[in-house]
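S.K.: Turn these sequences into a full structure, and let the hints guide you.
Going down the list, the protein sequences come from chains U and V.
Each residue of the first sequence is one higher than the last, beginning at 1 in our numbering.
Each residue of the second sequence is one higher than the last, beginning at 1 in our numbering.
If you're looking for bench data, these hints aren't it; they were derived computationally from the structure.
Wrong hints could be hidden among the right ones.
Each pair may be met inside one copy or between any two copies, as identical chains are not told apart.
[Stated by the list, open to error] With a straight-line Cα cutoff of 30 Å, these simulated DSBU-like cross-link-like pairs (lysine-lysine) come out:
id	residue 1	residue 2
1	K34	K328
2	K25	K323
3	K208	K5
Protein chains: 2
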Amino acid sequence: MAEAKYDVLGIGNAIFDVLVKTDEKFLSDHGMTKGGMSLIDEARAASIYRDMGPATEMSGGSAANTIVGIAGFGARAAYVGKVKDDQIGRLYTHDIRAAGVAFDTSPASDGPATGCSYILVTDDGERTMNTYLGAAQELTADDIDADEVAGAKIVYLEGYLWDPKSAKEAFVKAATIAHGAGRQVALTLSDAFCVDRYRDEFLELMRKGTVDLVFANEAELHALYQTSDFDTALRQLRKDTKLGVVTRSEKGCIVASDDGVVAVPASAIDRLVDTTGAGDLFAAGFLVGLVRNAGYENAGRLGALAASEVIQHIGARPLASLKELAKKNGLPV
Amino acid sequence: MAEAKYDVLGIGNAIFDVLVKTDEKFLSDHGMTKGGMSLIDEARAASIYRDMGPATEMSGGSAANTIVGIAGFGARAAYVGKVKDDQIGRLYTHDIRAAGVAFDTSPASDGPATGCSYILVTDDGERTMNTYLGAAQELTADDIDADEVAGAKIVYLEGYLWDPKSAKEAFVKAATIAHGAGRQVALTLSDAFCVDRYRDEFLELMRKGTVDLVFANEAELHALYQTSDFDTALRQLRKDTKLGVVTRSEKGCIVASDDGVVAVPASAIDRLVDTTGAGDLFAAGFLVGLVRNAGYENAGRLGALAASEVIQHIGARPLASLKELAKKNGLPV
Chain U
1 MAEAKYDVLG IGNAIFDVLV KTDEKFLSDH GMTKGGMSLI DEARAASIYR DMGPATEMSG
61 GSAANTIVGI AGFGARAAYV GKVKDDQIGR LYTHDIRAAG VAFDTSPASD GPATGCSYIL
121 VTDDGERTMN TYLGAAQELT ADDIDADEVA GAKIVYLEGY LWDPKSAKEA FVKAATIAHG
181 AGRQVALTLS DAFCVDRYRD EFLELMRKGT VDLVFANEAE LHALYQTSDF DTALRQLRKD
241 TKLGVVTRSE KGCIVASDDG VVAVPASAID RLVDTTGAGD LFAAGFLVGL VRNAGYENAG
301 RLGALAASEV IQHIGARPLA SLKELAKKNG LPV
Chain V
1 MAEAKYDVLG IGNAIFDVLV KTDEKFLSDH GMTKGGMSLI DEARAASIYR DMGPATEMSG
61 GSAANTIVGI AGFGARAAYV GKVKDDQIGR LYTHDIRAAG VAFDTSPASD GPATGCSYIL
121 VTDDGERTMN TYLGAAQELT ADDIDADEVA GAKIVYLEGY LWDPKSAKEA FVKAATIAHG
181 AGRQVALTLS DAFCVDRYRD EFLELMRKGT VDLVFANEAE LHALYQTSDF DTALRQLRKD
241 TKLGVVTRSE KGCIVASDDG VVAVPASAID RLVDTTGAGD LFAAGFLVGL VRNAGYENAG
301 RLGALAASEV IQHIGARPLA SLKELAKKNG LPV
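M.R.: The structure is reproduced here in structure tokens:
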């Protein structure tokens, strides 16, 4: 196998986050399902934005957040995602490159604006996302560079890629190239509603071995197997994938592999501010542990640490150096 | 005097903030003077942005931050400032209106982009600002609506308005209308370097009575009177203006009026994160106290409280309800 150029290459919907603190009433008045991600069209985006309070903006996108986290640990990271060549697309491009991520997907020169997500954060720290895909709709298999994908130890894909019309072809192309080059393919199930939309396809990706590693939170796992019993779902997961990592918020995570099941506790926090990016940053830490051969327990701890950083402030991108944080906590990076 | 429609109307440079955590080395490598505001042209903006880390974005602009704070206390507020009709200008317009501020300045349809400030925040919480004025350059006296200005109890103006080429005419027009309608005019000196640029003009505004109330921090006060002795500077300030309010960071503030000098302590904080907006939010609280006839001491306390909120998170706009915060602290709003 050729020497890897990247530790992890991520592919996802490039989304600019517009974050606002709000109350439960806003969610119910607007018919939003708390904690989920809803896809919205331009008209609904305009209507939500009109009613929303003053916002804070930050680059986001699930896989992009993970990849930025991976770079923050000092690992080599690349990202593929589609923005438009507009003001927000340029902010987006700056942020991901400034984080040390290789990002060379050509921006769309016409069509819809750079995608954005209106993220409503309630007092309990829970986030409810309303995503207008915009230019992320324009990602196609042509955006996948075979050499770049083959040069990454792990290709990380988000389930959300099933939403835009052509991105799943990009997904499958990347997975095929990666396996052809002897690399690993990881998938995050993204969101319980996303799992509801694409359950059979996600199960097929797992059972056919298109993906080697699956990240899910509890809600996604339950949605995948349509059961409210955690142990039943976990047993199914172990049958369907070689390596399954289930995050359980303050209860930590479960790593299920051929070697057995390892439970890793969550990291302590001072104050929960905004859960946006928690799962994304967990995946970042876990993947860094994996490429560093740190063992599942340390990988889980790195994931928990990164998640704990991002939920203590507004926004889905880390504000502190994850590398320093890991060192301070005696974890290998 | 007609019934006031607004408690405070603010006029300033409408600036979108691009905030990033950085270290002292970045400042020195880029020849920046820590703690100040430097005006930059497009080329320097591009060069700083290229080198900057991943950012968080939020609407800003000194007087705009103050006006948003005033609305946050539940007072009636209006703002005049120039953005372009571009993506960032639309974010800006949304944010200030969503904060409950009347904002009707027509955006520029061509010319430079909406202004922005690259704000570097070091570990000690100090912010160093690099401002590209952009569309804020296009503010003119035509943007001042006589009825709107005459309908505000206090017109609040920022010293930064001396930087764009035509804004000082807007400033003087607004002050003249306000006084003609029997209203009060307040000025913030904005920045010590700004005072260096326009010292004689600011002193003339004060001595001629174009402004009735002056906000300054210690550095600005010392720059204004070119002395390092605080008491000397304060004596001069008392001669030159009817009401002078000097903020002294963790030492609180001094209110100097015909009634004498009142010292008000700063509000306690858990953790200093980012001083961006501290002076702006202090002014917000103080002005709310003034229009509510709460007395100088309570006005100072409201100012200190608002400042303490904004320095405990990234960005110059409050994230919590200032009205609730005031109630919780037993202050009148």
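S.K.: Would you mind marking each hint as holding or not holding in the structure?
M.R.: Verification of the supplied hints:
1. K34 with K328: Between copies only: 28 Å across, 35 Å inside.
2. K25 with K323: For K25 and K323, the Cα distance is within 30 Å only across copies (19 Å; inside one copy 39 Å).
3. K208 with K5: within (27 Å within a copy, 68 Å between copies)
Hint check: no violations occur; every hint is consistent with the structure.
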